[in-house]
Amino acid sequence: MEAIRLDEATARRGSRTVWSGVDLSVGQGEFVAVLGPNGAGKSTLIHVLLGLLPLSAGTATVLTERPGSVNAQIGYLPQRRSFEAGTRIRGVDLVRLGLDGTRWGFPLPAALSPATRAATRRVAEAVELVGAGAYASRPIGALSGGEQQRLLIAQALVRRPRILLLDEPLDSLDLSNQSAVAALVQRICKREGVTVLLVAHDVNPILPYLDRVVYFGGGSGIAGTPREVITGPTLSDLYGVPVEVLETTDGRLVVVGTPEPPAHHHPLHDHGH
Amino acid sequence: MGIELAGLSWNPLSDLGQLTEFPFMVQALEAGTIVATLAGAIGWFMVLRRQTFAGHPLSVIAFPGAAGATLAGLPLALGYFGACGLGALVLSVAGSGRGGHSGESAVTGTVQAVGLGLGFLFVTLYSGQLSELESLLFGTFLGITASQVQTLLWVAIAALAALAAIGRPLLFASVDDAVAGAAGVPTGALSLAFLLLLGMAVAATAEITGALLVFALLVTPAATAQQITARPAPGLMLSVGLALVVTWVGLGIAYFSPYPVGFWVTSISFGLYVAVRLLRAGLSRRNPEAPGAPA
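Top line first, the protein sequences correspond to chains B and X.
Going by the numbering used here, the letters in the first sequence line up with residues 1 to 273, in that order.
Going by the numbering used here, the letters in the second sequence line up with residues 1 to 295, in that order.
Read the hints as simulated data drawn from the structure, not as lab findings.
A couple of the hints might just be wrong.
Taking beta-carbon pairs under 7 Å as the criterion, some of the chain X residues facing chain B (in silico) [unchecked claim]: (1) A161; (2) G167; (3) R168; (4) P169; (5) V175; (6) A182; (7) V185; (8) P186; (9) Q226; (10) A230; (11) P232.
Calculated Cβ distances over 12 Å to all of chain B for the following chain X residues [claimed, not checked]: (12) F53; (13) S257; (14) A281.
The beta-carbon is built from N, C-alpha and C at its ideal position, and this holds for glycine as well.
Whole structure, please, built from the sequences with the hints as guidance.
Written out as structure tokens, the structure is:
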């Protein structure tokens with residue numbers, strides 16, 4: 001079954017066309033990277049899939065439904081830096097909010113309510129799944145960026161979503177945490193059968209795990225397997241200028257010749273919307 | 001000030017008897033209890049949301065509201081609640097614009113300045129009595145009437161019921177606005193609702209502590225509670241408990257001492273806050289592996 005499908009899709013922000021003519025088909029359980037330079041419309045794709053931004057032309061379906069109508073089955077992790085150091089709420093509370101934080105009223109104590117006990121168990125499962133058991137009961141503001149990111153992934157997973165939309169989850173992490181979190185996401189993707197769309201600046205930490213990439217640039221986007229898309233001819237076509245893709249001896253890909261190569265890390269990049 | 005009547009006998013029972021001997025003091029204790037419960041609960045969310053800067057202009061607006069009501073011969077409570085409710089609406093509209101926090105802070109400063117000026121004008125027009133000005137700004141427990149207590153009780157019940165109804169999504173939106181919004185929480189409406197509740201809490205608290213000292217009950221107990229625990233439910237209850245203790249002890253000491261209640265309430269809550277921070281600093285030095293570990 002198709003988890004996500006775009007046909008001839010065009011997205012506009014105000015009067016600016018972010019991308020147009022994008023076709024995309026993602027199957028259930030696939031791990032997809034969304035790549036491209038800043039401002040090319042990577043986060044815009046996420047917003048379209050959540051139903052926050054309607055397409056101005058073309059069609060989009062999520063789990064064969066209209067975007068926005070199936071958000072309960074989507075786990076979403078927005079782009080962010082991190083929680084402020086003084087944020088006094090525990091990691092488990094944050095994960096719990098992902099489970100029932102949208103419900104009105106307040107939860108009963110576990111001693112009185114089987115539902116609360118079930119919720120506590122589910123939160124513990126999600127925390128275990130991301131390997132955050134050791135620090136989940138500490139205040140989120142006191143944790144490192146990698147620890148916070150794992151707990152946020154647990155929060156996005158706790159409702160057993162069928163699709164995970166992760167907007168630059170690796171952005172604020174150091175290299176070793178980048179590959180650890182990437183491996184974690186891939187494990188979840190395969191073991192739980194969740195479709196993952198991960199927006200990334202740098203394809204290399206996730207390259208070994210990817211089923212498919214969507215590459216935005218030059219006002220359009222192109223989808224395919226990494227080896228099909230991240231090549232000189234394909235990217236040159238997309239941008240309309242000569243682009244080269246170099247492969248290092250350890251298998252890393254470096255894109256050369258775009259206005260902003262995706263392999264370049266931008267610690268202070270503009271969040272582009 | 002009734003101080004002449006009171007002398008501490010150091011016999012707890014007879015001192016407690018003295019405390020409740022006069023109706024004004026019983027009403028002050030009742031009002032204090034209601035206000036502390038409300039301020040402790042709503043203050044906990046305010047501190048978590050980092051909206052202390054939204055609470056401050058509301059407290060300043062409470063002053064011209066009360067002074068204006070006094071001048072017009074209207075009930076004091078009407079002035080407090082009317083001004084704070086209106087102020088919350090203005091702040092909410094100002095804050096929702098594209099300016100974000102910087103736009104909000106400019107509006108906040110502007111509104112605050114004109115609020116203080118108006119309040120001073122009203123007090124001057126009323127009679128220029130300094131005691132009136134002082135009690136509006138720094139609180140009193142002498143003038144609380146039985147009908148005021150009743151108004152406070154109904155407002156507190158309504159506000160706490162509303163807070164209970166929106167509690168969980170409000171917590172979600174307070175901690176993580178973007179994720180909560182994407183999950184379907186109406187974050188804009190909740191933000192407005194919370195500002196209105198905050199306005200009610202400020203107005204109620206100002207009747208005891210005066211307009212300028214509301215933070216003693218709204219911020220300090222909540223901040224102390226969040227230093228002690230990062231768990232939501234125990235933290236919320238602890239915040240209410242601390243606000244109650246601060247109010248009761250403050251009123252009790254003020255009754256027997258020549259110094260005003262506002263001073264005692266602020267000093268006791270400040271003392272508790274400092275003590276907890278020092279204790280935490282000491283704990284984390286002894287156990288540097290887990291900074292802020294006691295959750």
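Now for the hints, and whether the structure bears them out:
For A161/X, the interface hint is violated, since its Cβ never comes within 7 Å of a Cβ in chain B; the closest pair sits about 11 Å apart. At about 4 Å, the closest approach between the beta carbon of G167/X and any beta carbon in chain B falls short of 7 Å, and the interface hint on this residue holds. About 5 Å separates the beta-carbon of R168/X from the nearest beta-carbon of chain B, less than 7 Å, and the hint is met. The criterion of a C-beta within 7 Å of any C-beta in chain B is met by P169/X, whose closest approach is roughly 6 Å, and the hint holds.
The restraint placing V175/X at the interface with chain B holds, with a minimum CB-CB distance near 5 Å, inside the 7 Å limit. For A182/X, the interface hint holds, the least distance from its beta-carbon to any beta-carbon of chain B being 5 Å, beneath 7 Å. About 5 Å separates the beta-carbon of V185/X from the nearest beta-carbon of chain B, less than 7 Å, and the hint is met. At about 10 Å, the closest approach between the beta carbon of P186/X and any beta carbon in chain B exceeds 7 Å, and the interface hint on this residue is violated.
Proximity of Q226/X to chain B holds as hinted, the smallest CB-CB distance being about 4 Å (cut-off 7 Å). About 4 Å separates the beta-carbon of A230/X from the nearest beta-carbon of chain B, less than 7 Å, and the hint is met. The beta carbon of P232/X comes within 6 Å of a beta carbon in chain B, closer than 7 Å, and the hint placing it at the interface holds. Interface exclusion of F53/X from chain B stands, the closest Cβ pair being 15 Å apart, more than 12 Å.
In this structure S257/X is separated from chain B by more than 12 Å, as the shortest Cβ-Cβ distance comes to about 34 Å. No beta-carbon of chain B is positioned within 12 Å of the beta-carbon of A281/X; the least distance is around 14 Å.
Of the hints listed earlier, those the structure fails to meet are numbers 1, 8, in rising order.
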